[in-house]
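Those protein sequence lines, which keep their order, are chains V and H. Sequential numbering from 1 applies to the first sequence in this note's numbering. Sequential numbering from 398 applies to the second sequence in this note's numbering.
Taking lysine-lysine and the BS3-like style, the derived pairs with C-alpha atoms no more than 30 Å apart in a straight line are:
1. 451/H - 8/V
2. 405/H - 54/V
3. 30/V - 427/H
4. 343/V - 451/H
5. 54/V - 740/H
6. 405/H - 427/H
7. 54/V - 427/H
8. 405/H - 740/H
9. 30/V - 451/H
No lab work stands behind these hints, which were simulated from the structure alone.
Protein chains: 2
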Amino acid sequence: MMDFARTKALFHLPEGVTYLDGNSLGPMPKTAAARVAQTVTAEWGEMLITGWNKAGWMAQPRALGDRIARLIGAAPGSVVVGDTLSIKVYQALAAALDLRPDRRRVLSDRGNFPTDLYMAEGLIAGLGGRHELQVVDPESVADNITDDLAVLMLTEVDYRTGRRHDMAALTRKAHAAGALVIWDLAHSAGAFEVDLAGCDVDFAVGCTYKYLNAGPGAPAFIHVAPRLAGRVRPALSGWLGHEAPFDFEMTYRPGDGIERMRVGTPPVIQMAALEAALDIWDGVDMAALRARSVALSERFIEGVEAACPDLRLASPHDAGQRGSQVSFRFGEGYAAMQALIAKGVIGDFRAPDIMRFGITPLYLDEADIDRAVATIAAVMDGRLWDDPAYRQRAAVT
Amino acid sequence: MMDFARTKALFHLPEGVTYLDGNSLGPMPKTAAARVAQTVTAEWGEMLITGWNKAGWMAQPRALGDRIARLIGAAPGSVVVGDTLSIKVYQALAAALDLRPDRRRVLSDRGNFPTDLYMAEGLIAGLGGRHELQVVDPESVADNITDDLAVLMLTEVDYRTGRRHDMAALTRKAHAAGALVIWDLAHSAGAFEVDLAGCDVDFAVGCTYKYLNAGPGAPAFIHVAPRLAGRVRPALSGWLGHEAPFDFEMTYRPGDGIERMRVGTPPVIQMAALEAALDIWDGVDMAALRARSVALSERFIEGVEAACPDLRLASPHDAGQRGSQVSFRFGEGYAAMQALIAKGVIGDFRAPDIMRFGITPLYLDEADIDRAVATIAAVMDGRLWDDPAYRQRAAVT
Numbered sequence: 001m002m003d004f005a006r007t008k009a010l011f012h013l014p015e016g017v018t019y020l021d022g023n024s025l026g027p028m029p030k031t032a033a034a035r036v037a038q039t040v041t042a043e044w045g046e047m048l049i050t051g052w053n054k055a056g057w058m059a060q061p062r063a064l065g066d067r068i069a070r071l072i073g074a075a076p077g078s079v080v081v082g083d084t085l086s087i088k089v090y091q092a093l094a095a096a097l098d099l100r101p102d103r104r105r106v107l108s109d110r111g112n113f114p115t116d117l118y119m120a121e122g123l124i125a126g127l128g129g130r131h132e133l134q135v136v137d138p139e140s141v142a143d144n145i146t147d148d149l150a151v152l153m154l155t156e157v158d159y160r161t162g163r164r165h166d167m168a169a170l171t172r173k174a175h176a177a178g179a180l181v182i183w184d185l186a187h188s189a190g191a192f193e194v195d196l197a198g199c200d201v202d203f204a205v206g207c208t209y210k211y212l213n214a215g216p217g218a219p220a221f222i223h224v225a226p227r228l229a230g231r232v233r234p235a236l237s238g239w240l241g242h243e244a245p246f247d248f249e250m251t252y253r254p255g256d257g258i259e260r261m262r263v264g265t266p267p268v269i270q271m272a273a274l275e276a277a278l279d280i281w282d283g284v285d286m287a288a289l290r291a292r293s294v295a296l297s298e299r300f301i302e303g304v305e306a307a308c309p310d311l312r313l314a315s316p317h318d319a320g321q322r323g324s325q326v327s328f329r330f331g332e333g334y335a336a337m338q339a340l341i342a343k344g345v346i347g348d349f350r351a352p353d354i355m356r357f358g359i360t361p362l363y364l365d366e367a368d369i370d371r372a373v374a375t376i377a378a379v380m381d382g383r384l385w386d387d388p389a390y391r392q393r394a395a396v397t
Numbered sequence: 398m399m400d401f402a403r404t405k406a407l408f409h410l411p412e413g414v415t416y417l418d419g420n421s422l423g424p425m426p427k428t429a430a431a432r433v434a435q436t437v438t439a440e441w442g443e444m445l446i447t448g449w450n451k452a453g454w455m456a457q458p459r460a461l462g463d464r465i466a467r468l469i470g471a472a473p474g475s476v477v478v479g480d481t482l483s484i485k486v487y488q489a490l491a492a493a494l495d496l497r498p499d500r501r502r503v504l505s506d507r508g509n510f511p512t513d514l515y516m517a518e519g520l521i522a523g524l525g526g527r528h529e530l531q532v533v534d535p536e537s538v539a540d541n542i543t544d545d546l547a548v549l550m551l552t553e554v555d556y557r558t559g560r561r562h563d564m565a566a567l568t569r570k571a572h573a574a575g576a577l578v579i580w581d582l583a584h585s586a587g588a589f590e591v592d593l594a595g596c597d598v599d600f601a602v603g604c605t606y607k608y609l610n611a612g613p614g615a616p617a618f619i620h621v622a623p624r625l626a627g628r629v630r631p632a633l634s635g636w637l638g639h640e641a642p643f644d645f646e647m648t649y650r651p652g653d654g655i656e657r658m659r660v661g662t663p664p665v666i667q668m669a670a671l672e673a674a675l676d677i678w679d680g681v682d683m684a685a686l687r688a689r690s691v692a693l694s695e696r697f698i699e700g701v702e703a704a705c706p707d708l709r710l711a712s713p714h715d716a717g718q719r720g721s722q723v724s725f726r727f728g729e730g731y732a733a734m735q736a737l738i739a740k741g742v743i744g745d746f747r748a749p750d751i752m753r754f755g756i757t758p759l760y761l762d763e764a765d766i767d768r769a770v771a772t773i774a775a776v777m778d779g780r781l782w783d784d785p786a787y788r789q790r791a792a793v794t
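Same shape as in the complex, but just chain V (with noise of 0.2 Å):
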């Protein structure tokens, strides 16, 4: 049995508020600030360029990759940590283009995160306009996987509703038609049970600031099946990909495997944020996280609507379609969202309507969704969205 009150008490969680936005910066384990001012002091500063060996920094992003790899169902050996989700978004996609070299057609939804889409486009445009980027509804894409498709590249979870997609249908009929898939498990890792050695998936690529909690600026990660790895042509061939890095030849070699998608130096203070986050979900079972995730959840549904008639649920009702966040559309849904806040308890906002929360069992009990519910009844009831104080939008929402 999962003990989710000991779990709760491993993060800290500012005093009065309920935290509901996990989903987009998770909060911050308690170990985190101890960890990363060793990494600080007793490393950076007194091991100096030493601590490369001496602290294993140099061994951090495999490490990291394959405590990560349980989370997801990936092999061990097959998930690397750094750069940004953007820059693993272009490898991965770039990987795959390279392996298809008779295809032309990359298929995505508008579920899709922006920045996945815009470095697509980036790519694209690189590659002098022979490929093309298909975006489609959700609903559409099964539909549009036919023979000539060259990658299926899609976010699992879509960032505003919470819809999922069924990641071994999709991948099963993406490789039926001889192309590769990506998928971005940018709301699955630490949402849920994610099974990538099962679907037989290629790429895939995610963050670690959300669902697993490492800290603002946390670095990304990116899994290539092994059957593929030793095969994929890095775009971004950088030196710690080599090889070998360290004997500074004059031209590129890949690295054995999973080592080619790494590419400069790795964000080592940042590492060490993720190496406590991941200090707690080395013993989280992800089934009851699941399971926990999905009582949550209903309780949150039914609680919201029950009280505020005004809001209507964006996420699926199915909680099988949906991943660990629950949206709701309201027209106000900005101002009802900055005095939600104001209130103590943190969502978010996405444009145009729509309110989301992060349901996160880590740290997230009944009593915190109770609370949540009945904060939401008090501003819907209030009209508080009214408030012109609340209208302002900032530049970061």
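Guided by the hints, dock chain H onto chain V, whose structure is given.
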């Protein structure tokens, strides 16, 4: 008058260590630990998602870029921080090639750091083999700048020998030939005065963990000349380089000027360490720094040459042709460097026979130089490199 005893007191230098490897990884500014801890506990911990606005995380890449701009003679608003140096090289070269669609040749030299060449290889392969990467000897660069050149891509200071290119002359010649230039300032930024604006440089990139002392895994930076920034097409078109990232549009529109060279989420915790490092740099007179770097380097060269006839200077004798490092060639250089490190004088080794010493006036003084010289002399006189323990190679050197 710069007071270098004052700047030295701002760094944590481990007991018993004379650190001449600041050209590889700078030491820790004493304020870095507290500054990083503040970002972790007071910002991430307490502000959670609101830190993007409240703590100014989103604005940091430009704010830090402006502070670096002063050190490299670039206009305010022309530098942005993020990613790794490898990624920034890729961005710069992709943008430069896009501005010269009629030309196919990229010129670099064997003194360039390998990752720059590797990233160019990867980019060129992705572009379909229409381009050519020509890598010549450093002395032959000027002769190969002819009217068919697309881009001249060089690291100003050779990472092995410290030999420094003539940025002004080579840039002038490249421009006269209709080519664009990219300067890698990895061993320039914080090492001496750089005048990007005065040299009319098109693109420059650099890292912040060497002379700038921002810590292991610190982010890189990129400069684009203001006359070009509004015209470049970003190959790595990530959402934070979008004109309106939080509008979550389906297609990419490049941001204003240098903003478009941002890609993904910035490394917030690493940026805190960089901020602490730049607090020191803000007070540094670069001309005074250079004068002291030359004086300390001359003292070091004279001392070693007098005491160690077996060491052959690999750096130029003429200070005007050197960066802020001094290298010596010695066949048993690897083992000799290990012996030296065991005695508390930290430099590093680059194959096949280069012993490197960074001369960093912010925290090195005459006593350090004299101690280093005496220790090198002791290692050489005692033939300590003969000890098998010093011959064993570590993974990272």
